[in-house]
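Visitor: Going by our numbering, the first residue of the sequence shown is number 1, and it counts up by one from there.
It should be emphasised that the hints constitute simulated quantities derived from the structure, not laboratory data.
For clarity, every value in this text was computed on a predicted model and none was experimentally measured.
There could be a bad hint or two in this list.
[Stated by the list, open to error] Quick list of the computed label-pair ranges, beta carbon to beta carbon:
1) Ala-23 to Ser-3: 30 to 38 Å
2) Gly-53 to Val-15: 16 to 24 Å
3) Leu-20 to Ala-48: 23 to 31 Å
4) Gln-51 to Ser-3: 25 to 33 Å
5) Gly-65 to Arg-44: 30 to 38 Å
Positions of the beta carbon are idealized from the N, C-alpha and C atoms, including for glycine.
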Amino acid sequence: MPSHRFTIGQMVRLVTTKGLSPAAAVTYTIEAPMPAYQNSPQYRLWNAELQQGRVALERDLEAIGSA
């Protein structure tokens, strides 16, 4: 089983927005790791500004900022 590379509270950006509403947020905070789907870890995400949550595969996310 693949391991999760992002941690709770980490800021991430959706790499692909294909198929998303134009009003969908692009940046999110990791809320919780979820079981893998199609051999890719998943995460529950939250955008506080838009009060918007979603689930995304790890392969569709990239870390923001931690310099």
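Visitor: Now tell me if each hint is right for this structure.
Guide: Structure-based check of all given hints:
{"no.": "1", "hint": "Ala-23 to Ser-3: 30 to 38 Å", "verdict": "holds, 33 Å"}
{"no.": "2", "hint": "Gly-53 to Val-15: 16 to 24 Å", "verdict": "holds, 18 Å"}
{"no.": "3", "hint": "Leu-20 to Ala-48: 23 to 31 Å", "verdict": "violated, 18 Å"}
{"no.": "4", "hint": "Gln-51 to Ser-3: 25 to 33 Å", "verdict": "holds, 30 Å"}
{"no.": "5", "hint": "Gly-65 to Arg-44: 30 to 38 Å", "verdict": "violated, 20 Å"}
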